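Protein chains in written order, with my numbering: chain X, 2 to 120; chain C, 343 to 480; chain B, 74 to 569.
Think of the hints as simulated: they come from the structure by calculation, not from any bench. One or more of the hints may lead you astray.
Unchecked claim - EDC-like mimics (lysine to aspartate or glutamate), calculated; alpha carbons at most 20 Å apart, straight line:
{"hint": "1", "chain 1": "B", "residue 1": "Lys233", "chain 2": "X", "residue 2": "Asp114"}
{"hint": "2", "chain 1": "X", "residue 1": "Lys55", "chain 2": "X", "residue 2": "Asp65"}
{"hint": "3", "chain 1": "X", "residue 1": "Lys55", "chain 2": "X", "residue 2": "Glu103"}
{"hint": "4", "chain 1": "B", "residue 1": "Lys233", "chain 2": "X", "residue 2": "Glu109"}
{"hint": "5", "chain 1": "B", "residue 1": "Lys233", "chain 2": "X", "residue 2": "Asp8"}
{"hint": "6", "chain 1": "B", "residue 1": "Lys233", "chain 2": "X", "residue 2": "Glu110"}
{"hint": "7", "chain 1": "B", "residue 1": "Lys233", "chain 2": "X", "residue 2": "Asp65"}
Note that this is a predicted model, so its numbers are computed, not measured.
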Amino acid sequence: MLQEILDHYNYWIAIMLMMVGFYTVVARGNLVKKIVGLNIFQTSVFLLYISMGKVTGGTAPILDERFTVYSNPIPHVLILTAIVVGVATTALGLALVVRIKESYGTIEEDELDLMDGET
Amino acid sequence: MKHHRVLRIVSKLLIPFIMLFALYVQFHGDFGPGGGFQAGVILASAFILYGLIFGLENARKVAPPAVVTRLVAAGVLIYAATGYAGLLKGGNFLDYGVLGATPVAGQHLGILIIEFGVGTTVAASMITIFFLFAGRER
Amino acid sequence: MNTLLAHLPALQVVVPMVAAPLCLLAGRAGLAWIIAFLAAAFATVAAALLAYQTLHHGPISYAMGGWAPPWGIEYAVDTANAFILLLVAAIACVVLVFCRTSIPKEIRAGREHLFYCMYTLCLTGLLGIAITGDAFNVFVFLEISSLSSYALIAMGGRRKSLTAAFQYLIMGTIGATFFLIGVGLLYMMTGTLNMADLSARIPELQDSRPVLAAFAFITVGLALKAALFPLHLWLPNAYAYAPSGVSAFMAATATKVSLYVLLRFTFTIFGSEFAFGNLPLLWVLLVPAVLAMFAGSFSAIFQTDIKRMLAYSSVAQIGYITLAIALANPAGVQAAMIHIFNHGLMKAALFCAMGCIFYRIGSTRIDQMAGLGRQMPWTFAAIVTGGLSLLGVPLTAGYISKWYLVQAALQTDLWWLVILIALSSMLALVYVWRLVEALYFQEPVPGREAVREAPLSMLLPTLLLAGANIYFGLDTRLPVAMTENAALLLFQGPGG
Chain X
2 MLQEILDHYN
12 YWIAIMLMMV
22 GFYTVVARGN
32 LVKKIVGLNI
42 FQTSVFLLYI
52 SMGKVTGGTA
62 PILDERFTVY
72 SNPIPHVLIL
82 TAIVVGVATT
92 ALGLALVVRI
102 KESYGTIEED
112 ELDLMDGET
Chain C
343 MKHHRVLRIV
353 SKLLIPFIML
363 FALYVQFHGD
373 FGPGGGFQAG
383 VILASAFILY
393 GLIFGLENAR
403 KVAPPAVVTR
413 LVAAGVLIYA
423 ATGYAGLLKG
433 GNFLDYGVLG
443 ATPVAGQHLG
453 ILIIEFGVGT
463 TVAASMITIF
473 FLFAGRER
Chain B
74 MNTLLAHLPA
84 LQVVVPMVAA
94 PLCLLAGRAG
104 LAWIIAFLAA
114 AFATVAAALL
124 AYQTLHHGPI
134 SYAMGGWAPP
144 WGIEYAVDTA
154 NAFILLLVAA
164 IACVVLVFCR
174 TSIPKEIRAG
184 REHLFYCMYT
194 LCLTGLLGIA
204 ITGDAFNVFV
214 FLEISSLSSY
224 ALIAMGGRRK
234 SLTAAFQYLI
244 MGTIGATFFL
254 IGVGLLYMMT
264 GTLNMADLSA
274 RIPELQDSRP
284 VLAAFAFITV
294 GLALKAALFP
304 LHLWLPNAYA
314 YAPSGVSAFM
324 AATATKVSLY
334 VLLRFTFTIF
344 GSEFAFGNLP
354 LLWVLLVPAV
364 LAMFAGSFSA
374 IFQTDIKRML
384 AYSSVAQIGY
394 ITLAIALANP
404 AGVQAAMIHI
414 FNHGLMKAAL
424 FCAMGCIFYR
434 IGSTRIDQMA
444 GLGRQMPWTF
454 AAIVTGGLSL
464 LGVPLTAGYI
474 SKWYLVQAAL
484 QTDLWWLVIL
494 IALSSMLALV
504 YVWRLVEALY
514 FQEPVPGREA
524 VREAPLSMLL
534 PTLLLAGANI
544 YFGLDTRLPV
554 AMTENAALLL
564 FQGPGG
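Okay, chain X solo, but in the shape it has when bound (with noise of 0.2 Å):
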């Protein structure tokens, strides 16, 4: 039972991750630091995708006559894309918060539902 889980161990951390993100984005009011629960979500994807690419005793893929087991280099590939759509979603969430703050003058969510029902 115990070794059952322990042999996972990279699933287990990637769903930690997960949860911890999404608690972050969840229940933290302010801006930024949903942004970062969001990155957190996004890279426990990251690792579930590159863990479930290694094989056992696979090298790095790259091509050498020393080496015939190679990791799946797919998963890498598309992790890199997923990595660059990260980047650009926390790059625009991030200039977002600075005009919401530049407007509105706070980056807190419930300051804010208060002005928008003012307003």
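Add chains C and B to chain X, keeping to what the hints say.
The following block gives chains C and B in isolation, referenced to the frame of chain X:
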């Protein structure tokens, strides 16, 4: 941070090597790990370091924002143009095989140009993002 | 010419993609608009040609970069996604004409070319989602369209546009990441990302837990993107505070494309046997759909901002589409596809009409609109047509949707759904009537100068969209022929 002598001198020493490493990652990407995404970010980090140490004004002189914005578009166009070149040579879109004399040479050439476009766009985008965030007064 | 035809699937996406950086380089509003318009017009023609080819010669497969599927990325066009492509491209083209006059008034000066850059990028993303036959590629295009739409919404100029865009960014990213997790789990179990290949391999993995989890993640992620109740919270603000052209474009296309992907994954990739036989997807979709129909319409009744009202009405209409999907028979799939198309037409017409009113009075609040119907008769006519279509009155496109929806419901043993559909249409009558009453039967706001009809360049696209609501209510050959074929193809499941 201009008055920090250590920072200034160390970054002056580092910046050329950062750029050189970016170029290595960029153009060695078809033999080892590397490629446009990574190289673009490394190259941009050289400019960002320069901007942090020597001030935004000087960084804007080195990399004028108008030029950088155009480079973002230019990179995408390089990518797309390679794709269209494949079309015109009788292959499918993004088929590099038809670009060279042999399919292998074509694949080599194609991926180099494509990654160059990617690198240009990534580096230019990163520098633009830095300029826009750093340029906000307050 | 023949080579051009052979490469249409690629050009369909790549031409708008190239237009985006060109708009950025153009720098001037006029030039950027021309580039964007040419790209959208090309996309429309390409989509029409693809639709014709698929209808008469069967599905088309295009191997990106010459790498044969299932190893490379495949663009797979059949009648189902050709239909969606046609809707997206045509709406984008018409709304772009509308934007030429409306946008300079709604966004900060000097940024028009950036607007067109984002608009074409969003179009690229939506077309890409529809056309690709690769599960991971769907994610990439989903994010291209989402990121550009966040930026488009934030351009709305009002303070609330920013918070609306931020809220959408958070919810949209969570949705897309859920989808990504699902695709990852599928790849882990099957070792493939090609949709046709996936659908061939999933049947033997029916009971594997990662596949079940993948299905759950993908369904929830797409439901978030499609704004299915109760995951719709981002939608009302996003549509209400975006520039009117963006509201029209997105209301007609963005959520629809996500619903198409849901159809594709549920019926083709997982198969209806798996989703509705082994799993209780019927109730998972049916309950939120019915709640959406009522909660959306109820909320719409109490809105003072008409764009917000229309947005809530969209939530209700997405409920109808989901209801049709939940019925899990070919007639239901056909009804869903038809309503995707017709709802796109009516919401585009209504949001464009709101844009015309905003152009003249600078507001979309219902108390500001009193009596406008007599001063802007053509805009009023478009609103009435769109409203009637929303209700499902005979001779409008909305009636066709309702007809197919009721037919599909009667084929199952869920006949009581018909009563619910009728009841929620009554609610639509309340909010549409509220709008008509304010526009036509109330005295104009005292002290406001009489306004003229909206400029022709805005009025024509609006009337064209409103006219399409009537045209497709009378001549249903195109949508019916395409969706009939599409429903069969989607429903065939594995192997196609």
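*Hint by hint, which ones does this structure get wrong, listed from lowest number up?*
3, 5, 7
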